[in-house]
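Residues per chain, in single letters:
There are 2 protein chains.
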Amino acid sequence: MARGRISRLSVRDIRFPTSLGGHGSDAMHTDPDYSAAYVILETDAEDGLKGYGITFTLGRGTEVVVCAVNALAHHVLNRDLGDIVGDFRGFYRQLTSDGQLRWIGPEKGVVHLATAAVLNAVWDLWAKQEGKPLWKLLVDMDPRRLLSCIDFRYITDVLTEEEAHEILQRGQVGKREREEQMLTEGYPAYTTSCAWLGYPDATLQQLCSEALKDGWTRFKVKVGADLQDDIRRCQLIRNMIGPEKTLMMDANQRWDVPEAVEWMARLAEFRPLWIEEPTSPDDILGHAAISKAGKPLLPGWWPYILQALAPLGIGVATGEQCHNRVIFKQLLQAKALQFLQIDSCRLGSVNENLAVLLMAKKFDVPVCPHAGGVGLCELVQHLIIFDFISVSASLKDRMCEYVDHLHEHFKYPVRIKKASYMPPKDAGYSTEMKEESVKKHQYPDGEVWKKLLAAPGD
Amino acid sequence: MARGRISRLSVRDIRFPTSLGGHGSDAMHTDPDYSAAYVILETDAEDGLKGYGITFTLGRGTEVVVCAVNALAHHVLNRDLGDIVGDFRGFYRQLTSDGQLRWIGPEKGVVHLATAAVLNAVWDLWAKQEGKPLWKLLVDMDPRRLLSCIDFRYITDVLTEEEAHEILQRGQVGKREREEQMLTEGYPAYTTSCAWLGYPDATLQQLCSEALKDGWTRFKVKVGADLQDDIRRCQLIRNMIGPEKTLMMDANQRWDVPEAVEWMARLAEFRPLWIEEPTSPDDILGHAAISKAGKPLLPGWWPYILQALAPLGIGVATGEQCHNRVIFKQLLQAKALQFLQIDSCRLGSVNENLAVLLMAKKFDVPVCPHAGGVGLCELVQHLIIFDFISVSASLKDRMCEYVDHLHEHFKYPVRIKKASYMPPKDAGYSTEMKEESVKKHQYPDGEVWKKLLAAPGD
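Chains as they are written, first to last, in the working numbering: chain A, 26 to 483; chain B, 26 to 483.
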């Protein structure tokens, strides 16, 4: 049973100067400093447990998310944790439908990132009180209870609560075996660590060769800034990994719709499994146009149909910047993606991700989560392990992104074995950072930033 | 010629306690305090002119937008105004594509509202330096120059710069006559002031009767919270205005897709011209399903098709919370709306609104701007008057929202004559507020708020 009244909510601006090494760089985000708005919830319960929640950011702007968390705080403070999780749908809606705050969203951008940070902390606290890792809390939860955490508003035209219940009921079959399978083999991963856009070829080669030695078989390369560069880099990586291993490409929204089709036609020879974020994350019909062959959905699309990507065997993947379940609903309705990439901090925490996992199951589209950044691997592994055990029951065409950065700052870092995520065993959502790391990287007054900001040229 | 270097950017949190009177209340925003993040730009030019920009908010959360404006300030400060407007597309993209800040958008929610406030101030300053009201600055601007303000990224699949140029070229024909027409007759408006959801029937009746006396012929009523209430209120207002005058309904996103169709079938007898925001502003395919009769666009929609709204003669309108040009592009592609409602502060200022006006023209969908709030009427009149003179060249099915609140706080308030917006004659974008009003309503330390916050019960 959840216990205690939320007696304190604090939030910190934590930044890692990753831009100095080109880590995380892509066609649209050339100088990211991986960062987080980091929420800590305390209760008046005697157990002394705290809930930690993060949302991922890229440096500048973290202070804006911090400000939004503070704007949400009055919905959280003095609330009983039992009441919150007892009507989690109501609480979710309270945060996302505040009559004044929803104007600056709704359910998107800064306020939704802030909502994610707060709710991630609530889930961490709840799981800790239950003494279970989050994935296990979800796996063990009664389906009706699980569904009571989801706000079905705006998605009932494709998924009603009853349909969702049927999906979860079917997911009960073979659940124990799948849990066992996860505990012994883990969830398959792919790596993005080798081929950031800012890395010189030599770095790319070295990291790729190390990754091969470590048993990685699936690789993602960043593309989209310069076609000739892309061809050279893709050639290089395909040569290194050989014809059998899997290669994915990621354009990080660099292209317009016609450009995406043309550009990918040029990169098709390197046989990518998918092209990720070919265009604006808001462009559902654009993704549909890019991904489809056959007859156009809407008039006026014929120029792209002849060259669209399906005949090339390239799928479309997107999701890390899709801002809520309504966008995912439409991407599924329009058959605009072949791989759905949830994000543990962009969507409204576990609650909204559950809705998306269930819709993906209904449409039979594999979920391949976005990870990396700061803590995204730590968090999203819980969701995808739950998905396998209780929802999708399949590993076909499925894998979870992995990036080898910044795990050392977490108290319960991910464990990768044979290129797979091993299920966390510690209670909670793996969101807690080491106090030492938090202190040093607090912006702008942590030790790391004090030094950097004092350095000449800054 | 634009002149001066931006030497100062300041931003204030201005709130009006409108929730106390139920003004502005609707099915989703029950207690709005109409507010604004208010940006002031100063230059080192000798003219002493300042640029004022606002974005509209609903109270709580204004401080988050203020924080986001400050996060954008480094892109603005010390820039030459001539350089900014000389490459306005580049400047727009710099604000919206900051490699770190775009993660917490991109081009949506808080950061985009902040972008709008900053750019609105730039346009105000530019127009003041040119000695023209903004609409006239736009009308007189060379089409190529006008297009150089627009970021065509993500919309070239429906509108290329060349197509946009052809539209503007065609708009040159008869321009002088239309300008004359505007100056004498003004732009037709409709009123939303009579029927906020929070008003008792007696207030509604009184306001409606006054509006009729003042010559209003088009009325909007808020619906969506309770069907029986809606029937009673719609009956009341239709009886008062008679069968010939125009009635619109606004649900402010209250419904899911099937619910919207069912609910409106019940209200059809009151013959609304449109239903506004029937569901989530993100739900392009949902709006398409609601608005369409005939064959379904996508499989699985058949349950709604039989009852969809087109056979009832009810159009779908949306836009005030559509967060960028990519959403509008798709709403047009999917024929999801029959009336397009731009907003002067939700989109990225004049720059992005120009893109939307041009797309709407291409798809031959009438633009009926959203207004009301604080300053929205003042700003958007410039855009729609420009639209008539230089783009649409038509008043068919077109009108601009008007709400009779808070104009007294503006230095250059709107002038309504015979239920029409009369073109502003003062130089600028009509964004400047009275210093006295700003001082009094600053949150939380202005006189008005000091009193309210000290009152018992707060």
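Worth double-checking, as some hints may not be accurate.
Any copy, or any two copies together, can satisfy a pair, since identical chains are not distinguished.
[Claimed, not checked] As a list, the in silico SDA-like pairs of lysine to any residue whose alpha-carbon atoms are at most 25 Å apart:
#	residue 1	residue 2
1	Lys75	Lys459
2	Lys476	Leu172
3	Lys465	Pro268
4	Lys157	Glu235
5	Lys387	Lys450
6	Lys360	Pro283
7	Lys157	Met447
8	Lys360	Asp281
9	Lys476	His99
10	Lys476	Gly124
11	Lys387	Ala250
12	Lys476	Asn95
No wet-lab data here; the hints were simulated from the structure.
With 25 Å as the alpha-carbon cut-off, assign the pair Lys360 and Pro283 to within, between, both or neither.
Intra 18 Å, inter 21 Å, cutoff 25 Å: intra and inter.
Treating 25 Å as the Cα threshold, decide for Lys360 and Asp281: within, between, both or neither.
So Lys360 and Asp281 pass the 25 Å test inside a copy (19 Å) and across (21 Å) alike.
Pop the pair Lys157 and Glu235 into one bin, within, between, both or neither, using alpha-carbon distances up to 25 Å.
Neither way: Lys157 and Glu235 sit 34 Å apart in one copy and 64 Å across, limit 25 Å.
Within, between, both or neither: how does the pair Lys387, Ala250 come out at a Cα-Cα threshold of 25 Å?
Classified as neither: same-chain Cα gap 36 Å, cross-chain 31 Å, threshold 25 Å.
Between the shortest in-copy and the shortest cross-copy C-alpha distance, which are at most 25 Å for Lys476 and His99: within, between, both, or neither?
between (35 Å within a copy, 21 Å between copies)
Using 25 Å as the alpha carbon limit, work out where Lys476 and Asn95 are close: within a copy, between copies, both or neither.
Between copies only: 23 Å across chains, 28 Å inside a chain, cut-off 25 Å.
Identical-chain pair category, Lys387 with Lys450, by Cα at 25 Å
neither (30 Å within a copy, 57 Å between copies)
Within a copy, between copies, both or neither: which one fits Lys476 and Leu172 at a CA-CA cutoff of 25 Å?
So Lys476 and Leu172 fail the 25 Å test inside a copy (48 Å) and across (45 Å) alike.
Same-copy or cross-copy closeness of Lys157 to Met447 [CA-CA at most 25 Å]
This pair counts as within: shortest intra-copy Cα distance 15 Å, inter-copy 66 Å.
Under a CA distance limit of 25 Å, which applies to Lys465 and Pro268: within one copy, between copies, both, or neither?
neither (44 Å within a copy, 70 Å between copies)
Is it within a copy, between copies, both, or neither that the alpha carbon of Lys75 lies no farther than 25 Å from that of Lys459?
Within one copy only: 13 Å inside, 48 Å across.
25 Å Cα threshold - placement of Gly124 relative to Lys476:
between (43 Å within a copy, 23 Å between copies)
In the structure shown, a violation is registered for the earlier hints numbered 2, 3, 4, 5 and 11, in ascending order.
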